[in-house]
Every structure is written in C-alpha cells, then in structure tokens.
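J.: Residues per chain, in single letters:
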Amino acid sequence: MGENGAGKTTLAKQLNGLLRPTLGRVTVDGDDTTKKSVAQLSRKVGIVFQNPDHLLFSETVRDEVGFALKNFGFELGVIVKQVERTLEALDLAHYADTSPFLLSGGERKRVALAAVLAWEPDYLILDEPTIGQDYQQKERLRNFILQLNSQGKAVVMVTHDVEFVAECNPKVVLMSKGRIVAQGQADEILSDDGLIEKASLVKPQMAKLFSQLGGFGFPRDVVDVHRAKMLLEEKLSEVKVRVAQGS
Amino acid sequence: MAGTQGEIIAARGLGFQYAGSASKALDDISIVIGQGEFVLLTGPSGCGKTTLCRCLNGLIPNFHPGEISGELLVDGVSVAAETTSELSRKVGYVFQNPENQLFALTVEKDVAFGPENLGLTREEIRGRVDWAMEAAGTVALKDLAPYELSGGQQQRVALAGVLAMKPSVIVLDEPTSFLDPRTAEEIMGAVDDLRRENGITVIVVEHRLDLVGRYAERIVVMDHGRIVADGKVEDVLDAEFDRLSGLGIGLPKVSLLWSLLKRDGLVSERLPTHVESAVKMLSQRLSN
Amino acid sequence: MSLRVLNGFKFSSLKTRVHRLDPRAKFLLVIGIIVPSLLFTNIYLLAGLLLVQVPLLLIGRVTRRWVQSLRGGVFLSALIFVVNFFTGPLVNAVALTLRFLLLMTTFSFFFMTTSPDDLGLAIDKVGFIRWLSRRWLGYPNALSFTFTTAVRLVPTMAVDAQTVVDAQRSRGLELDKGNILKRVRNYIPILIPLLLIAIRRSLELAEALEARGFPGKEGRTSLFELRFKPVDYAMLAISLAGIVLSFWVFFHYKVPTI
Numbered sequence: 001m002g003e004n005g006a007g008k009t010t011l012a013k014q015l016n017g018l019l020r021p022t023l024g025r026v027t028v029d030g031d032d033t034t035k036k037s038v039a040q041l042s043r044k045v046g047i048v049f050q051n052p053d054h055l056l057f058s059e060t061v062r063d064e065v066g067f068a069l070k071n072f073g074f075e076l077g078v079i080v081k082q083v084e085r086t087l088e089a090l091d092l093a094h095y096a097d098t099s100p101f102l103l104s105g106g107e108r109k110r111v112a113l114a115a116v117l118a119w120e121p122d123y124l125i126l127d128e129p130t131i132g133q134d135y136q137q138k139e140r141l142r143n144f145i146l147q148l149n150s151q152g153k154a155v156v157m158v159t160h161d162v163e164f165v166a167e168c169n170p171k172v173v174l175m176s177k178g179r180i181v182a183q184g185q186a187d188e189i190l191s192d193d194g195l196i197e198k199a200s201l202v203k204p205q206m207a208k209l210f211s212q213l214g215g216f217g218f219p220r221d222v223v224d225v226h227r228a229k230m231l232l233e234e235k236l237s238e239v240k241v242r243v244a245q246g247s
Numbered sequence: 001m002a003g004t005q006g007e008i009i010a011a012r013g014l015g016f017q018y019a020g021s022a023s024k025a026l027d028d029i030s031i032v033i034g035q036g037e038f039v040l041l042t043g044p045s046g047c048g049k050t051t052l053c054r055c056l057n058g059l060i061p062n063f064h065p066g067e068i069s070g071e072l073l074v075d076g077v078s079v080a081a082e083t084t085s086e087l088s089r090k091v092g093y094v095f096q097n098p099e100n101q102l103f104a105l106t107v108e109k110d111v112a113f114g115p116e117n118l119g120l121t122r123e124e125i126r127g128r129v130d131w132a133m134e135a136a137g138t139v140a141l142k143d144l145a146p147y148e149l150s151g152g153q154q155q156r157v158a159l160a161g162v163l164a165m166k167p168s169v170i171v172l173d174e175p176t177s178f179l180d181p182r183t184a185e186e187i188m189g190a191v192d193d194l195r196r197e198n199g200i201t202v203i204v205v206e207h208r209l210d211l212v213g214r215y216a217e218r219i220v221v222m223d224h225g226r227i228v229a230d231g232k233v234e235d236v237l238d239a240e241f242d243r244l245s246g247l248g249i250g251l252p253k254v255s256l257l258w259s260l261l262k263r264d265g266l267v268s269e270r271l272p273t274h275v276e277s278a279v280k281m282l283s284q285r286l287s288n
Numbered sequence: 001m002s003l004r005v006l007n008g009f010k011f012s013s014l015k016t017r018v019h020r021l022d023p024r025a026k027f028l029l030v031i032g033i034i035v036p037s038l039l040f041t042n043i044y045l046l047a048g049l050l051l052v053q054v055p056l057l058l059i060g061r062v063t064r065r066w067v068q069s070l071r072g073g074v075f076l077s078a079l080i081f082v083v084n085f086f087t088g089p090l091v092n093a094v095a096l097t098l099r100f101l102l103l104m105t106t107f108s109f110f111f112m113t114t115s116p117d118d119l120g121l122a123i124d125k126v127g128f129i130r131w132l133s134r135r136w137l138g139y140p141n142a143l144s145f146t147f148t149t150a151v152r153l154v155p156t157m158a159v160d161a162q163t164v165v166d167a168q169r170s171r172g173l174e175l176d177k178g179n180i181l182k183r184v185r186n187y188i189p190i191l192i193p194l195l196l197i198a199i200r201r202s203l204e205l206a207e208a209l210e211a212r213g214f215p216g217k218e219g220r221t222s223l224f225e226l227r228f229k230p231v232d233y234a235m236l237a238i239s240l241a242g243i244v245l246s247f248w249v250f251f252h253y254k255v256p257t258i
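Top line first, the protein sequences correspond to chains A, B and C. Just so we're aligned, residue 1 is where the first sequence starts under our numbering, counting upward by one. Just so we're aligned, residue 1 is where the second sequence starts under our numbering, counting upward by one. Just so we're aligned, residue 1 is where the third sequence starts under our numbering, counting upward by one.
What the hints contain is simulated information worked out from the structure, not anything from laboratory work. The model shown is predicted, which means the values in this text are computed figures rather than measured ones. Warning: the hint list may mix true and false statements.
Sample of chain B residues facing chain C (criterion: CB under 7 angstroms; computed from the structure) [stated by the list, open to error]:
| # | residue |
| --- | --- |
| 1 | S85 |
| 2 | S88 |
| 3 | A112 |
Positions of the beta carbon are idealized from the N, C-alpha and C atoms, including for glycine.
Using the sequences and the hints given, assemble the complete structure.
T.: Written as structure tokens, this is what we have:
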C-alpha cells in the first residue's frame with residue numbers, strides 16, 4: 001500500500017523480472033531474478049495488471065485464458081482441462097466462446113484474472129483489483145482471494161483501497177517515496193496515524209471511530225466491523241446492566 | 001430537500017433502450033432535482049446510473065443512439081429540443097477516467113476549449129479560464145501537459161474545463177475511481193465548496209457511500225433501470241439498510257456497525273452516515 | 001542507428017527568441033534553405049547554408065541535441081558518401097553528403113524549436129488546410145485539431161505500449177525468440193490491445209469534448225492567436241528573396257560543384 005508514485009507497481013514488477021534491481025538482489029524461491037527470463041519467472045509469479053484491456057486480444061474467452069498455457073508449452077490436453085477448470089472457478093464458463101471484447105468491464109476484469117490463474121502460479125500479484133468494482137464484485141473478489149490463499153497460494157495485492165484491506169486483514173507492507181516505511185498486520189498499520197499520514201492514505205472507518213473512543217478503554221487497532229461490534233457489544237451491555245442496577 | 005429556488009432537473013416517465021440492446025436501461029424514471037442540491041446517485045453495476053447522467057447533457061441520444069421515451073426537462077427546457085452542444089452550457093460532465101478527458105497540450109488550452117466553442121469574445125474566454133482554473137485549484141499547472149499531471153491533478157483540470165462553461169449542473173460519474181483515497185477526499189471537498197459558493201447543482205455517481213455520504217444531502221438508488229429509493233441520506237440509510245445491502249451497494253461501515261448493534265437491541269438511534277455522528281452517539285451512551 | 005537520433009527532432013520547451021518566432025515564418029525559412037540546397041550542388045553554398053543555421057541553433061540552445069542527431073545520422077551519411085564515391089567524382093560525394101546533413105539539420109531545427117501547440121495553431125490558419133478540413137471532415141478546424149490531439153496522445157500511447165508489452169510478457173510471451181515468422185506473429189498480442197485502447201480512448205475523448213460543446217456554432221473563437229512580429233516579417237522577406245533568387249540563378253547560370 002502507499003500513495004500513487006510510492007513505488008508499489010515498480011516493486012511488483014521486480015518480482016517477475018519485468019524490472020531488474022540496480023542495487024541488491026531479488027530472489028524467487030531461491031532463484032536470482034537476474035539469472036532467469038521473465039517467461040521463466042512468470043511460471044511461478046503471475047501478475048494481473050490493473051486494466052484488462054492491456055491483455056485482451058483473442059477471439060474467444062477460451063483462447064484468451066489458454067494463451068499463457070500455450071506460451072509455457074503445456075500439452076494440448078492439459079491446456080483444455082486447465083482452461084475449463086479456471087472458467088468454472090471464475091463463473092465464466094457460459095462466456096467460453098464469446099469474444100472478450102463484448103463483455104462488460106467487470107467481466108473483462110474476471111477474464112484477465114482467469115488468464116493468469118490458468119497456469120496456477122504459486123505467487124499471485126493483483127495490481128489494484130478493486131478499482132471500478134461495485135460492492136458485490138468486491139465481495140466476490142475478496143472471497144476468491146481468501147480461497148486461493150487457503151489453498152496455499154501467496155497473494156500480493158497492490159492497492160490503496162483501505163476498506164477492502166480492512167476486510168481482509170492481511171499483512172501490510174507500507175511504501176512511501178520508494179521505501180518501505182512499515183510492515184505488519186493491517187489492523188496495526190491502518191490504525192496508526194503517523195503511518196497513514198506518511199503514506200498519504202486514509203484510515204478505515206472503524207479505525208477512525210475507535211481512535212476517537214480511546215477514552216472508554218477501547219483498543220485502537222480495530223479495522224474490522226465484526227470485531228468492532230463485539231467490543232462495543234461488551235461495553236454497551238455493561239452500561240445497560242449498570243443503568244438497570246442504578247435505577 | 002435542500003432549499004431550492006426552482007427545479008433544475010425534472011424527469012417524467014423517462015425511459016431509454018440502447019440501440020441493439022434487448023432490455024431497457026432506464027425504465028419509467030421520474031425525479032425532480034432542485035437547484036443547488038448535492039445528489040448521490042448510486043446502485044449496483046449496470047443499474048442505469050451512467051445512462052441517466054448521459055440523458056442530462058444530451059449524450060443520450062446524440063452520442064449513444066437508442067430509443068428514448070418520456071420527458072426530461074433541464075432548466076425548464078426539454079432535452080429533446082436541444083443539441084449536446086447547447087446543453088453543455090447548462091450541464092457539465094466530469095468522466096471517470098481523468099486522462100481521457102484532456103486533449104490539449106497544455107492545461108490552459110484545455111480549459112479554454114469549452115468557452116472557445118461557445119463563440120465568446122477573447123476577453124470573456126480569458127476571464128472564464130482564469131476564474132475556472134482558480135476555482136478548481138489548477139493555476140500552478142497552467143503550462144503543463146496532461147501526461148505530466150497526476151490523476152488528481154488531471155481531474156481538477158477536467159473540473160476546471162467544465163466550470164469554464166458556467167453550467168448550472170455538474171455531473172460527476174465516478175470521478176475518483178482511479179484516485180487514491182486522500183486525493184479522492186480532496187476532490188469531493190473541492191466539488192462541495194464549488195457548489196456552496198456558486199449555487200451549482202451537483203450529481204455524483206459513486207459506489208462508495210462513505211466517500212460522498214458526508215457531502216450529499218440526498219441519495220437516489222437505482223436498480224435495473226428503476227429508482228428504488230430517493231430521499232435524504234440519513235432517512236434512506238436508516239429505513240432501507242437491509243434492502244440496500246442486498247443490492248450490493250457499498251454502505252458505510254459505521255452504518256453497518258450500527259445496524260448490527262441495533263439488531264441486537266444495544267442501540268436505538270438512527271443509523272449514522274459518518275464517523276463523527278457515530279462517535280457522538282456512542283460517547284453519549286457509554287458515558288451513562 | 002539508435003533511437004536517440006529522434007531526440008534531435010523532439011520539441012525542447014525553452015523560451016528563446018528562436019522558439020518565439022512564428023512557426024509559419026520558420027517554416028518558410030526551412031523552405032528557403034531547402035530550395036537552394038536541392039537546386040545546387042556547390043560545396044561552398046551547401047557548407048554556407050549549413051553554417052548559417054548554427055547561430056540559430058545556438059540562440060535556440062538546442063546545439064547539443066543537434067549534435068546527437070548528427071551522430072545518429074553518421075551511418076546514413078557514410079553510406080551516401082561511399083555510394084557516391086564509387087559512382088562519381090569525389091566532390092559530388094562530398095556535396096551530396098553535405099546536402100543530407102544540411103536537410104537533417106534544417107528539419108531538426110524546425111521541430112526542436114516549434115511547439116506542436118504552435119504548429120497546431122499555424123495549421124489552423126492556413127487557408128488551404130481549413131478548406132480541406134471542411135470538405136473532408138465538416139469543420140474548418142478539424143484537421144489542426146486532429147493533429148494537436150495526435151501529438152498529445154503520443155506519450156500516453158507510449159506508456160500504454162510499454163504496459164501491454166509488460167502484461168503479455170508476464171503471460172510467457174517471448175518477443176525475442178523464434179524465426180522471423182514467429183516474431184511477427186508474436187506482435188499480434190501487442191498490437192490488438194494497443195489498437196483497441198487507442199480506439200476506446202478516442203471515443204472517450206470525443207465524448208468528453210462533445211460534453212464541452214464541441215463543435216459549437218460557426219463563430220468559434222480561439223483564446224490564443226499567432227501574430228506576426230517584425231522579426232517574422234523580416235524572416236519571411238529574407239526567405240522569399242532567397243527562394244526567388246535561387247530559382248532565378250538556377251535558370252540563368254550553371255553553378256559548378258566546386
């Protein structure tokens with residue numbers, strides 16, 4: 001996370017070799033990125049770019065999703081199976097023979113995601129996946145990411161959507177002006193005034209709320225609505241009981 | 001309703017179907033918007049928000065062909081009777097993608113573009129350009145090229161270009177989608193300031209209610225081409241919270257929190273729409 | 001020949017005297033230099049024409065970029081020299097090489113010191129272009145408009161091109177492998193997205209411009225205006241004189257190469 005120009009996308013591009021470090025080293029599963037090609041590194045590290053229009057060129061969604069598999073030299077039989085599986089997982093099966101250009105914005109974003117998931121990279125990088133999505137689409141995305149993560153895939157999200165991050169509560173790496181200024185859990189980082197200021201972000205609503213309720217003994221690192229509810233529930237019930245006893 | 005001097009937008013039974021589409025994008029829309037209001041137009045993807053906005057400045061049906069039915073009046077004149085060019089004097093439109101609205105090689109030339117089209121004298125154009133750039137906070141960017149600007153700066157320039165037309169209504173269609181949260185808040189604040197200082201009616205299309213909820217007085221919710229809720233933000237959120245979350249609208253987290261607490265009988269007040277009111281109400285309760 | 005030679009034709013946004021000259025006057029100056037350099041092969045004349053531009057380049061503070069572009073043109077100049085060396089007298093080879101460098105310099109000078117903005121304004125004033133624009137596109141300023149927009153979009157499209165290349169390489173596309181046929185085919189996943197992005201962008205831009213009143217009524221005014229200053233008239237006069245003189249001499253005398 002970080003403001004525009006902080007270096008988030010630049011860092012992401014280092015992870016699959018699109019950019020190479022001028023100082024220091026980047027290794028993926030132990031391999032130095034300067035010793036491998038982008039195609040080789042992409043087998044393990046898949047980047048889903050922000051704008052799906054930068055990817056789409058095929059006649060059908062099926063072809064589009066299978067493109068990378070062809071490039072990586074998979075067998076035809078394997079390609080067909082993988083494509084079917086990915087289309088199912090992303091609810092795109094009914095569009096398999098449609099031209100990707102006829103789909104809506106949100107659907108094209110799903111096709112772009114499918115195109116990268118098709119080869120099941122171990123590390124998935126999503127560049128601003130929530131831009132332009134409505135709430136339902138974001139919910140679906142969130143569940144999907146959590147599912148992928150639970151299957152053992154590493155997921156890296158480049159984003160400045162603090163509310164979305166608050167809902168997922170992942171580990172957060174905060175960047176500003178080309179440097180990493182903090183690393184930690186989302187609830188610690190997003191509730192820290194100083195860090196938020198440095199990275200030109202805004203606090204999630206829950207953090208804003210609880211930072212102003214400190215006087216009542218609440219912790220400050222609350223970003224999730226349900227945790228907020230539980231904490232408030234406790235105190236409010238106490239108050240109710242006290243009031244009842246008092247009268 | 002905000003204090004109005006008159007209706008600036010009035011739609012009656014407005015309907016529209018895009019050419020080549022099988023279903024209606026707008027279905028029997030009837031709405032009245034008063035001068036100086038700040039309206040938040042929201043709804044799930046594909047509900048018709050953008051379609052409705054395009055009708056306001058004539059992009060529908062002139063740029064996006066299709067079948068239009070019903071009646072739509074802007075500033076007392078029927079939209080069907082005017083061209084987009086004529087309507088651009090009354091209704092300004094700021095689009096979602098900051099970069100694709102700027103065509104000129106310098107900011108100043110881009111802002112001048114609109115007034116130039118109006119056939120004004122050079123002095124008038126100069127006056128409008130200077131005023132618009134000042135109002136939108138872009139004076140320092142005068143000689144820069146579009147690609148040299150950040151997303152937020154580009155949107156400010158787009159806003160300046162629209163202001164230079166001196167419209168009575170400004171429509172902003174998801175103007176902050178591509179911007180980071182802090183810049184988004186700045187832009188929204190700037191838009192609200194402009195509204196108060198100039199009496200401009202503002203219509204913002206936005207998914208994220210927490211961003212705009214602070215400024216908007218009125219919310220209009222659409223779904224499948226119809227208006228399903230219309231009223232003051234606090235009223236609609238309080239009365240229709242469950243239905244709205246079923247529609248998949250990005251409701252403010254404080255409102256969600258409150259509705260959960262309310263359901264368990266721990267609070268009884270109306271849903272807050274932003275953090276400040278929630279803080280006040282909670283502080284009161286907890287201090288008892 | 002590296003791409004750096006293109007730097008010698010890119011506009012350098014300074015505000016020197018030369019930059020502020022009216023682009024129409026500058027263009028006639030360019031013609032005024034091209035005409036004699038194409039009509040004659042006299043080495044002294046060609047060298048003179050080349051040298052006469054140096055002070056202009058100096059005032060315009062673009063000499064470094066000019067030298068860069070010359071360096072890029074070394075290969076072609078050497079080629080011209082060698083080919084003519086073996087097919088004619090030495091002096092010819094020298095003259096033709098000089099002419100090439102001269103022409104390159106002139107165009108380089110023009111593009112480095114004239115902003116695309118001003119070019120757009122200049123095009124907008126030329127009667128013939130306005131007529132053509134009205135016949136073809138319906139509005140007199142449409143052509144100059146198209147030109148300005150195209151120039152404005154170049155850096156944006158360059159960024160998009162790089163992003164598309166990045167995105168497709170991240171899907172395993174290898175642009176530097178394979179035989180010539182495969183390499184050409186590998187550019188399809190680059191060109192199609194770029195084309196579509198360009199189209200989509202144009203449509204969005206058109207929509208935004210119509211929403212700001214384009215094309216407006218017939219009486220469209222322009223905030224900025226090109227105005228001839230005395231120095232522009234002087235240049236016009238000199239250039240015209242030079243062109244007329246060149247033709248007159250050409251038809252009356254035979255000027256030797258040396």
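J.: If a hint holds in the structure, say so; if it does not, say that too.
T.: Right, here's what the structure says about each hint:
{"no.": "1", "hint": "S85", "verdict": "holds (5 angstroms)"}
{"no.": "2", "hint": "S88", "verdict": "holds (4 angstroms)"}
{"no.": "3", "hint": "A112", "verdict": "holds (4 angstroms)"}
Hint check: no violations occur; every hint is consistent with the structure.
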